[in-house]
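Below are the chains, spelled out letter by letter.
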Amino acid sequence: MKNNKDVKLISIPSFASRINNYVLSIIIIGVTALICAPLSNAQSYHVVSFILLFVVSFMATFMRMGPVLLASTVSALVWNYFFIPPHYTFHIDKAEDILMFGMFFIIAMLNGVLTTRIRRQERLAREREERTNALFQLTKELSKASGIEDVQAVAIEDIKNHFSFDAFFILQDGNNMLHSSGKSQNEKKFTQNEYDIAGWVFKHSQNAGKYTNIHSSVDYTFYPLRGARINPGVLAIKTDEQFQGDKQLFWNTYLTQISNALERGFLGELAQKARFLDESDKLYKTLFNSVSHELRIPVATILGSVDTLLTSPHAGNVQTALYNEIFTASLRLNRLIENLLNMSRLESGRISVRLDWYDVNDLVNKVTEDLKDEIKPFNLLVSFPEDMPLVKIDFGLMEQVLYNLLFNSCEHAPVSSNIRLNGYHENDELVLQILDRGPGFSKEAIKNVFKKFFRVEGSKTGGLGLGLFIVKGFVEAHKGLITVENREDGGAKFTIRIPSLSPEIKNLQNEY
Amino acid sequence: MDEIETILIIDDELQIRRLLEITLSANGYKIIHAENGKNGLLYAATHHPSLIILDLGLPDMNGQDVLKKLREWFNKPVIVLSVRSSEEDIIAALDNDYLTKPFRSGELLARIRAAIRSGDKKNDAPVLEFGTLSIDMINHIARKNNEILKLTSTEFSLLCLLAKNQGRVLTHKYILKEVWGYGYIEQTQYLRVFVAQLRKKIEDNPSKPALLITESGIGYRFGE
Numbered sequence: 007m008k009n010n011k012d013v014k015l016i017s018i019p020s021f022a023s024r025i026n027n028y029v030l031s032i033i034i035i036g037v038t039a040l041i042c043a044p045l046s047n048a049q050s051y052h053v054v055s056f057i058l059l060f061v062v063s064f065m066a067t068f069m070r071m072g073p074v075l076l077a078s079t080v081s082a083l084v085w086n087y088f089f090i091p092p093h094y095t096f097h098i099d100k101a102e103d104i105l106m107f108g109m110f111f112i113i114a115m116l117n118g119v120l121t122t123r124i125r126r127q128e129r130l131a132r133e134r135e136e137r138t139n140a141l142f143q144l145t146k147e148l149s150k151a152s153g154i155e156d157v158q159a160v161a162i163e164d165i166k167n168h169f170s171f172d173a174f175f176i177l178q179d180g181n182n183m184l185h186s187s188g189k190s191q192n193e194k195k196f197t198q199n200e201y202d203i204a205g206w207v208f209k210h211s212q213n214a215g216k217y218t219n220i221h222s223s224v225d226y227t228f229y230p231l232r233g234a235r236i237n238p239g240v241l242a243i244k245t246d247e248q249f250q251g252d253k254q255l256f257w258n259t260y261l262t263q264i265s266n267a268l269e270r271g272f273l274g275e276l277a278q279k280a281r282f283l284d285e286s287d288k289l290y291k292t293l294f295n296s297v298s299h300e301l302r303i304p305v306a307t308i309l310g311s312v313d314t315l316l317t318s319p320h321a322g323n324v325q326t327a328l329y330n331e332i333f334t335a336s337l338r339l340n341r342l343i344e345n346l347l348n349m350s351r352l353e354s355g356r357i358s359v360r361l362d363w364y365d366v367n368d369l370v371n372k373v374t375e376d377l378k379d380e381i382k383p384f385n386l387l388v389s390f391p392e393d394m395p396l397v398k399i400d401f402g403l404m405e406q407v408l409y410n411l412l413f414n415s416c417e418h419a420p421v422s423s424n425i426r427l428n429g430y431h432e433n434d435e436l437v438l439q440i441l442d443r444g445p446g447f448s449k450e451a452i453k454n455v456f457k458k459f460f461r462v463e464g465s466k467t468g469g470l471g472l473g474l475f476i477v478k479g480f481v482e483a484h485k486g487l488i489t490v491e492n493r494e495d496g497g498a499k500f501t502i503r504i505p506s507l508s509p510e511i512k513n514l515q516n517e518y
Numbered sequence: 006m007d008e009i010e011t012i013l014i015i016d017d018e019l020q021i022r023r024l025l026e027i028t029l030s031a032n033g034y035k036i037i038h039a040e041n042g043k044n045g046l047l048y049a050a051t052h053h054p055s056l057i058i059l060d061l062g063l064p065d066m067n068g069q070d071v072l073k074k075l076r077e078w079f080n081k082p083v084i085v086l087s088v089r090s091s092e093e094d095i096i097a098a099l100d101n102d103y104l105t106k107p108f109r110s111g112e113l114l115a116r117i118r119a120a121i122r123s124g125d126k127k128n129d130a131p132v133l134e135f136g137t138l139s140i141d142m143i144n145h146i147a148r149k150n151n152e153i154l155k156l157t158s159t160e161f162s163l164l165c166l167l168a169k170n171q172g173r174v175l176t177h178k179y180i181l182k183e184v185w186g187y188g189y190i191e192q193t194q195y196l197r198v199f200v201a202q203l204r205k206k207i208e209d210n211p212s213k214p215a216l217l218i219t220e221s222g223i224g225y226r227f228g229e
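Going down the list, the sequences are from chains A and B. Just so you know, we're using this note's numbering here: the first sequence kicks off at 7 and counts up by one. Just so you know, we're using this note's numbering here: the second sequence kicks off at 6 and counts up by one.
Hints listed in this document are in silico derivations from the structure and should not be mistaken for laboratory results. Hints are not guaranteed to be accurate.
[What the hints assert, rightly or not] Computed list of lysine-lysine pairs in DSS-like fashion (alpha-carbon distance at most 25 Å, straight line):
#: 1; chain 1: B; residue 1: 213; chain 2: B; residue 2: 149
#: 2; chain 1: B; residue 1: 205; chain 2: A; residue 2: 378
#: 3; chain 1: A; residue 1: 279; chain 2: A; residue 2: 244
#: 4; chain 1: A; residue 1: 372; chain 2: A; residue 2: 485
#: 5; chain 1: A; residue 1: 378; chain 2: A; residue 2: 291
#: 6; chain 1: B; residue 1: 206; chain 2: B; residue 2: 178
#: 7; chain 1: B; residue 1: 205; chain 2: B; residue 2: 155
#: 8; chain 1: B; residue 1: 182; chain 2: B; residue 2: 73
#: 9; chain 1: B; residue 1: 213; chain 2: A; residue 2: 398
#: 10; chain 1: A; residue 1: 499; chain 2: A; residue 2: 398
#: 11; chain 1: A; residue 1: 382; chain 2: A; residue 2: 244
#: 12; chain 1: B; residue 1: 149; chain 2: B; residue 2: 81
#: 13; chain 1: A; residue 1: 372; chain 2: B; residue 2: 74
#: 14; chain 1: A; residue 1: 291; chain 2: A; residue 2: 150
#: 15; chain 1: B; residue 1: 155; chain 2: B; residue 2: 206
#: 16; chain 1: B; residue 1: 74; chain 2: B; residue 2: 43
#: 17; chain 1: A; residue 1: 253; chain 2: A; residue 2: 146
#: 18; chain 1: B; residue 1: 149; chain 2: B; residue 2: 178
#: 19; chain 1: B; residue 1: 182; chain 2: B; residue 2: 206
#: 20; chain 1: B; residue 1: 81; chain 2: A; residue 2: 398
#: 21; chain 1: A; residue 1: 195; chain 2: A; residue 2: 150
#: 22; chain 1: A; residue 1: 166; chain 2: A; residue 2: 216
#: 23; chain 1: A; residue 1: 382; chain 2: B; residue 2: 213
#: 24; chain 1: A; residue 1: 372; chain 2: B; residue 2: 205
#: 25; chain 1: A; residue 1: 378; chain 2: B; residue 2: 178
#: 26; chain 1: A; residue 1: 398; chain 2: B; residue 2: 149
#: 27; chain 1: A; residue 1: 499; chain 2: A; residue 2: 458
#: 28; chain 1: A; residue 1: 398; chain 2: B; residue 2: 43
#: 29; chain 1: A; residue 1: 279; chain 2: A; residue 2: 291
#: 30; chain 1: A; residue 1: 485; chain 2: A; residue 2: 453
#: 31; chain 1: A; residue 1: 485; chain 2: A; residue 2: 398
#: 32; chain 1: A; residue 1: 372; chain 2: B; residue 2: 81
#: 33; chain 1: A; residue 1: 372; chain 2: B; residue 2: 43
In this text the structure is predicted, and so the values were computed from the model without any measurement.
Turn these sequences into a full structure, and let the hints steer you where they fit.
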């Protein structure tokens, strides 16, 4: 393969082959001199110089600078010793021969030096071209690859071809976390230590492992794959030589290309996921809306009709009593539907909290107005401090919370007992407490009251056991906390804590 | 109210339409109904209703678009109906009255009466009287039990705005825009604080307000 040839060209020749080249150059000169021995007479020794020059030039085309210089020196000396009269001495008689010898020496040297320099430049140019080509190939193949898996396969194949070593990917999971069981294309199992190093590399965006200053004792070198928006992960390679100079630069460029391709893959996956979520969200909303519509409209019709009947002056006592029953039953059905729909919203995780500033009094007034018939038999005591600040809540959700809690108390507390609703603001938290004189909860029940469909055993009231489940869900949607305890002197006490800073209102006091 | 008022109901639910028709006819209104937005817009133009009851969930058009189109030329009151817990709808209602399903028929009738009356004439008399509260628009003085109330200028503007539109729901945004200006349109906390202050001064029982009534999630209404 042509790529393997390239690797050999770049590699530095071993010590032995360097020595061999020197010996070879001396042998070649020696052999040439022997062949030329018949020309050692006074008439043709000049020809020998040309032959030797030719041989040195020829050697320069395939040998390195050192052997060529040695060859040119040796050939000059050989020519002097064996061919320039007087023979077998380094002495030169004629002035023109001294000149000839000097020129021979210089020309041989120049020849050798220039030829090897041209060769080196040619080699560098070829190497550069090879690299450009390799990068071009890589880019082309990466652009064809679709998806992260594909990109990894292409990159591993290409690295193998161009650098002759194995590469392994350890990619993040999409949440910027690197796992030991991450998706690496060739299912390489690293040791825990190596994964730890990979994790470090990912976190710090720095090389580590073999040939680096950090964790250099392991067999692999770990390179971070950096992207503009997402860092795809880490690349581990196992190589026997360290990158140098140009090659290091080339490798870095190579890595950048792979990182970019992987990042594109990740972004593509993200976009796809977002599209998918969007679609399923739309589907859920459509379904939810039509189901809730279908459930609510008949109840609204019943409620509205009975309400009109109740206000009509023609109804007799029996009719009015029956209308009242229908009205109460449809209210109960309405509550049930609302709770079921709310449970569905909670379960699907699609509760969106819309926070705004509200006066707690408004919240309490709204709920007590809605529950006025239920509350009538009780003594509701509402207490808020005079300087209660505004609170940041989702009115609709908190309305449900308070409604369900108060409704619960009304269901369980004995008639004409006190139901207390306390509220205050403390440590940037809104605190709401609902206290009743009902039976409270047994030890077993108190652990489960907030669970879905949980109903206290033997409780006289109906219901699905969804009320408190929804209360907890909505309070938690506010990043709040709800607790329940039995009061020492009987009854239950619910406490809600919801984070809520005091509103920033400027220049309020000095306005007149 | 000598002449019979016509009310246009735009709702896709047959049962709700019939319920409204029965309830409202019994109270002396003439009813026309449309089952979709397209017909609703058509009938609004051809029958000149005194009031429109518009359900926001329509099959053919977005209810909010119907409202927008309607408002290009229709200057009589509109009462928007919507199911609970979809607050986006509420915001769309902006200058219109608003009622959530299920609603009490008594409540609906009261809203209709208030809306038609305020459509006839706004409360623009120089002095408005509400039980023991009187507001003198010209001299910028409000009295409670014949005692002059100490109101800041913002409190007074707020009181006037709500009192002039007695019975109608004014949305948070609308009030903030009118009293504080465009820059404050999202600053609900100002409105809440001022309403709370105002209640302490004008209400008989500030924690059970009878004049400054909160319409949760929508705005405020001046009670009757």
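Now for the hints, and whether the structure bears them out:
For the hint pairing residue 213 of chain B with residue 149 of chain B, the CA-to-CA distance comes to about 17 Å; that is within 25 Å, so the pair holds. As the CA atoms of residue 205 of chain B and residue 378 of chain A are separated by approximately 24 Å, the hinted pair is consistent with the 25 Å bound. With a CA separation close to 35 Å, the supplied pair residue 279 of chain A and residue 244 of chain A exceeds the 25 Å bound. Note on residue 372 of chain A and residue 485 of chain A: the hinted pairing holds, with a Cα-Cα distance of about 23 Å set against a maximum of 25 Å.
For the proposed pair residue 378 of chain A and residue 291 of chain A, the alpha carbon gap of about 33 Å is over 25 Å, so the pair is violated. Of the pairs offered as hints, the one joining residue 206 of chain B and residue 178 of chain B holds, with about 23 Å between alpha carbons and a cut-off of 25 Å not exceeded. For the hint pairing residue 205 of chain B with residue 155 of chain B, the CA-to-CA distance comes to about 11 Å; that is within 25 Å, so the pair holds. Between residue 182 of chain B and residue 73 of chain B the CA atoms are separated by roughly 19 Å; this keeps the pair inside 25 Å, and the hint holds.
With a C-alpha separation of about 21 Å, the suggested pairing of residue 213 of chain B with residue 398 of chain A holds against the 25 Å cut-off. For a cut-off of 25 Å, the pair hint linking residue 499 of chain A to residue 398 of chain A stands: about 23 Å separates their Cα positions. At roughly 80 Å between alpha-carbon atoms, residue 382 of chain A and residue 244 of chain A are farther apart than 25 Å, so this suggested pair is violated. For the suggested pair residue 149 of chain B and residue 81 of chain B, the alpha carbons sit about 33 Å apart, so the restraint of at most 25 Å is broken.
Of the pairs offered as hints, the one joining residue 372 of chain A and residue 74 of chain B is violated, with about 33 Å between alpha carbons and a cut-off of 25 Å exceeded. Annotation: proposed proximity of residue 291 of chain A to residue 150 of chain A is violated, straight-line Cα distance about 38 Å (limit 25 Å). The suggested pairing of residue 155 of chain B with residue 206 of chain B holds, with an alpha-carbon distance near 8 Å, which does not exceed 25 Å. Restraint check for residue 74 of chain B and residue 43 of chain B: satisfied, since their Cα atoms lie roughly 11 Å apart, inside the 25 Å limit.
Distance restraint check for residue 253 of chain A and residue 146 of chain A: the Cα-Cα separation of roughly 21 Å lies within the 25 Å cut-off, and the hinted pair is therefore satisfied. About 28 Å separates the Cα atoms of residue 149 of chain B and residue 178 of chain B, which puts this hinted pair outside 25 Å; it is violated. About 23 Å separates the Cα atoms of residue 182 of chain B and residue 206 of chain B, which keeps this hinted pair within 25 Å; it holds. Using a Cα cut-off of 25 Å, the hinted pair residue 81 of chain B and residue 398 of chain A is violated, with the two alpha carbons roughly 36 Å apart.
In summary, the hint linking residue 195 of chain A to residue 150 of chain A is not supported, as the alpha carbons are separated by about 28 Å, beyond the 25 Å threshold. Between residue 166 of chain A and residue 216 of chain A the CA atoms are separated by roughly 19 Å; this keeps the pair inside 25 Å, and the hint holds. With a C-alpha separation of about 16 Å, the suggested pairing of residue 382 of chain A with residue 213 of chain B holds against the 25 Å cut-off. With a C-alpha separation of about 18 Å, the suggested pair residue 372 of chain A and residue 205 of chain B falls inside the 25 Å cut-off, and the hint holds.
For the hint linking residue 378 of chain A to residue 178 of chain B, the alpha-carbon distance of about 30 Å lies beyond 25 Å, and the restraint is violated. Note on residue 398 of chain A and residue 149 of chain B: the hinted pairing is violated, with a Cα-Cα distance of about 32 Å set against a maximum of 25 Å. Annotation: proposed proximity of residue 499 of chain A to residue 458 of chain A holds, straight-line Cα distance about 20 Å (limit 25 Å). Our distance criterion of 25 Å between C-alpha atoms is broken by residue 398 of chain A and residue 43 of chain B, whose separation comes to about 40 Å.
Between residue 279 of chain A and residue 291 of chain A the CA atoms are separated by roughly 18 Å; this keeps the pair inside 25 Å, and the hint holds. Distance restraint check for residue 485 of chain A and residue 453 of chain A: the Cα-Cα separation of roughly 21 Å lies within the 25 Å cut-off, and the hinted pair is therefore satisfied. With a CA separation close to 12 Å, the supplied pair residue 485 of chain A and residue 398 of chain A stays within the 25 Å bound. Restraint check: the Cα-Cα separation between residue 372 of chain A and residue 81 of chain B comes to about 29 Å, which exceeds 25 Å; the hinted pair is violated.
Distance restraint check for residue 372 of chain A and residue 43 of chain B: the Cα-Cα separation of roughly 36 Å exceeds the 25 Å cut-off, and the hinted pair is therefore not satisfied.
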